[in-house]
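Undergrad: The primary structure of each chain is shown beneath.
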Amino acid sequence: MKIVVLVKQVPDTYGERILDPATGLVDRSGSDAVIDEIDERALEVALSYKDAHKDAEVVVLSMGSAAVTVGLRKGLAMGADSAVHVLDSALRGADVGWTSTVLAAALTATGFDLVIAGNESTDGGGGVVPAMVAERLGVPPITYLESVQISDDEVAGERGTGQGKLRVHAALPAVISITERLPEARFPKFKGIMSAKKKPFTVLSLEDLGIDPAVTFAGVGRSVVLQTTKRPARASGKKIVDEGNAGVELADFLVAGHLI
Amino acid sequence: MSNILALIEVSHHGDLADSTPSLLAAAAKLGTPVAVVVTVPGAGSALVEKLGQLGAAQVYLAQSEQVGTFLVTPQVDALALAMSTFNPGAILTVNSVEGRDVAARLAARIDAGLVIDAVDLRSEGPSIVATHSVFGGAYTVESTVQGGRAIVTVRQGAIEGQADAAVPVVTTVSLESDTGRSAVIDEVIDNVVVSARPPLRGASTVVSGGRGLGSQEKFALVERLADALGAAVGASRAAVDAGFVSQASQVGQTGVTVSPQLYVALGISGAIQHRAGMQTAKTIVAINKDADAPIFDIADFGIVGDVFTVVPQLIEAIESRSKK
Ligand SMILES: Cc1cc2nc3c(=O)[nH]c(=O)nc-3n(C[C@H](O)[C@H](O)[C@H](O)COP(=O)(O)OP(=O)(O)OC[C@H]3O[C@@H](n4cnc5c(N)ncnc54)[C@H](O)[C@@H]3O)c2cc1C
Ligand SMILES: Cc1cc2nc3c(=O)[nH]c(=O)nc-3n(C[C@H](O)[C@H](O)[C@H](O)COP(=O)(O)OP(=O)(O)OC[C@H]3O[C@@H](n4cnc5c(N)ncnc54)[C@H](O)[C@@H]3O)c2cc1C
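From first to last, the protein sequence lines are chains C and B.
In terms of our numbering, the first sequence opens at residue 27 and continues consecutively.
In terms of our numbering, the second sequence opens at residue 80 and continues consecutively.
Watch out, some of these pointers could steer you wrong.
[What the hints assert, rightly or not] Derived list of chain C stretches under chain B, where covered just means 3 residues or more per stretch with a C-beta under 8 Å from a C-beta of chain B:
1) 81 to 88
2) 95 to 107
3) 230 to 241
[What the hints assert, rightly or not] Here are the simulated lysine-lysine pairs, DSBU-like style, with alpha carbons at most 30 Å apart:
4) C:265 <-> B:402
5) C:264 <-> B:108
6) B:129 <-> C:191
Just so you know, these hints were derived from the structure itself, not from any lab.
All values derive from a computational prediction rather than experimental measurement.
Ideal Cβ placement from N, Cα and C applies to all residues, glycine included.
Make a model of the complete structure from these sequences and hints.
TA: Here you go:
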C-alpha cells in the first residue's frame with residue numbers, strides 16, 4: 027500500500043494572518059509558516075495505518091515555496107518514508123486549478139494507492155483541491171471524512187453533510203480528505219528527527235513534471251484577485267466586573283440595544 | 080442576458096435545501112436563473128412550482144437511478160449535460176460539502192475557473208465579480224475569472240433578496256453515470272436530534288459556550304439562555320472536543336462562520352481561531368472569569384464573572400421582562 031499525504035504550508039493561525047493589498051496573496055513573511063494542522067491529521071491517518079501494516083509506504087507531497095522544506099522534514103520526522111516537493115517560481119499565485127493540475131501530475135509521477143488530504147486548508151480554505159485532484163486522476167474522491175477505514179482494496183468511512191451522515195466507500199486507488207474529527211497528529215521523536223535526515227527528499231520543477239504553463243494552462247479559466255480591503259479592527263466596548271448584579275445590567279444593555 | 084445554472088440541493092427526503100432562495104437570488108443578479116435539479120426518476124417534478132416561485136425561469140430536471148447510491152457523480156454529469164443545452168455565463172453551487180465537491184470536479188473536468196465562497200456577485204460586462212469575506216471578515220476581497228468559464232460556490236444564505244417569481248420552462252433528461260470514478264453511498268444516517276432552535280448558520284442571535292462550561296450537563300445553561308433569547312446554540316472547538324455538544328455547533332475557523340445581530344460568548348477565551356468565526360457579529364457580549372481573556376478585546380459588553388451566577392440571573396431578568 028502506497029499512501030501519499032498532501033500537505034500545505036500555511037501561516038500559523040495563532041498569529042495575525044495578512045493579505046498583501048497589492049496582490050491579494052497571503053503575505054507569507056508576515057507570520058510563521060507551519061504545516062496546516064489538518065494535514066498533520068491526514069498524515070496521522072496514514073501513519074497509524076503504517077503502524078499496523080509495516081510494509082505500507084507513506085510519502086508526503088507539497089507544492090509551495092522553499093519554506094515548505096521545513097514542513098516536509100517534520101513529516102519525515104513524524105514517520106513518513108519520503109518527501110516530494112514541487113518548487114517552481116511560476117507557481118506563485120497559483121489558483122486551485124493550477125494547484126490541482128500540478129499535484130495530480132506529481133501524484134502520477136510518484137504513483138499511489140491512496141491519497142489523503144485535509145478537507146480545507148486554513149488559509150485558502152477552498153475545500154476543493156482534493157476533489158479536483160481526483161477528477162484529474164480519474165479516481166473516486168471521498169471528501170470530508172470523519173472516520174476512515176483502509177483495507178487492501180478499499181477505503182470507507184463516514185462523512186458529515188448538512189442533514190446527517192453518509193457511510194461511503196470507494197475502491198482503491200482513491201483520493202480522500204479528512205476533517206478535524208480525526209485524531210491530532212503524533213509528535214516527532216528524537217529518533218525520527220535523526221533518521222529523517224537520511225530519507226529520500228525529491229524536489230521537482232514544473233519542467234520535471236512535463237508542465238509548461240503557457241501550454242498546459244492555455245484556455246483554462248483562472249481565478250484572479252481584483253482588490254483587497256482590510257476591515258477596520260473591532261474596538262472593545264464596556265467591561266464590568268460582576269458584583270452581584272451583572273446579569274441584570276446585561277439584560278438592561280440588551281433591552282437598550284433592542285436586542286431582546 | 081446569459082443563462083446562469085444553479086445546482087439546487089435536494090435532501091434525501093426530496094425537499095429543497097434552505098440555501099435554495101439565496102442561490103436563485105444570486106443567479107438572478109447575473110442573468111436568467113436555470114435551476115438544475117438532480118433526483119431519482121419522478122421525484123423532481125414536485126419541486127418545479129416552488130422553484131418558479133423562487134425565481135427559476137427554467138428548471139432542468141436530471142433524473143438518474145444512481146442518485147443516492149453514487150456520491151456526487153450524477154450531479155457533476157447533470158451540470159455538464161445542462162451546460163451543452165444552456166451555454167451558461169456561469170455555474171453556481173452552494174458552498175456546502177456537496178456543492179463544493181460538484182463545483183470542484185466540474186471545474187477540473189471543463190477547465191473552468193473556480194470562485195469559492197462568494198458572499199456577493201455582480202456582472203461587469205462579460206465578467207463576473209465576486210466578493211469574499213476572508214480570514215473571519217478581516218479582509219474583503221474581490222475576484223474574477225479570466226480566460227475561461229466561471230464556476231462559483233455561494234456562501235449559504237449570504238445573498239439576500241428574492242428573484243422575481245416565474246412559471247418555469249421544464250426540461251427533463253435521464254442520465255447514467257460512469258460509476259468507476261465514484262464512491263458508493265452505503266447508508267444514510269439522519270440527524271437524530273431535531274431541534275426546535277433556529278439553525279446556527281444565518282441565526283440572528285447566537286449563544287455559544289466554551290470549555291468554561293465544564294461538562295456536558297452544565298452546558299445545558301447555554302441552551303437555557305439560547306431558549307430565553309430565541310437563539311441558536313454555538314460552541315468553541317474545545318467544547319466540541321470535550322463532547323459537551325455536537326460538532327455541527329462549532330463556531331470558528333474550522334467550524335461555522337456566523338454574523339448575527341447578537342453573539343453571546345460564555346466561558347470562551349476568544350482564541351483567534353474562534354474569533355475568525357464570529358467577529359463580524361453586530362453586537363458581541365462575553366462573560367468570562369478571566370479579566371484578561373482576549374474575547375473582551377472585541378466585546379461590546381464584557382462581564383468579568385462566573386457564568387454560573389451571571390447567566391441564571393440574566394435568564395431570570397429576561398423572563399420577568401417578558402412576563403410584564
Ligand atoms: C483568502 C484566499 C482566497 C482564495 N480564493 C480562491 C478562489 O476563490 N479560487 C481559486 O482558484 N483560488 C483561490 N485561492 C487560492 C488557493 O487558496 C490556492 O490555489 C491554494 O494553492 C489551494 O487552495 P486551498 O488552500 O483553498 O486548498 P483546499 O482545497 O482548501 O485544500 C484542501 C487540502 O488539499 C491539499 N492541498 C491544497 N493545496 C496544496 C498544496 N499547495 N500542496 C499540497 N497539498 C495541498 C491539502 O491536503 C489541503 O488540506 C485563495 C487563496 C486565499 C488565501
Ligand atoms: C487549525 C486550528 C483551527 C481551530 N479552529 C477552531 C474553531 O473553528 N473554533 C474554535 O472555537 N476554536 C478553534 N481552534 C482552537 C482554539 O485555538 C482554542 O483552543 C479554542 O477556541 C478554545 O476554546 P475555549 O475558549 O472554549 O477554551 P479555553 O481557551 O480553555 O477557554 C475557556 C475559558 O473559560 C473561562 N471560564 C472557565 N470557567 C468559567 C466560569 N465558570 N465562568 C466564566 N468563564 C469561565 C476561562 O477563563 C477561559 O477563558 C482551532 C485551533 C487550530 C490550531
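Undergrad: It remains to establish, for every hint, whether it holds in the given structure.
TA: Verification of the supplied hints:
no.	hint	in the structure
1	81 to 88	violated (count 0)
2	95 to 107	violated (count 0)
3	230 to 241	violated (count 0)
4	C:265 <-> B:402	holds (29 Å)
5	C:264 <-> B:108	violated (41 Å)
6	B:129 <-> C:191	holds (27 Å)
Of the numbered hints listed earlier, those contradicted by the structure are 1, 2, 3, 5.
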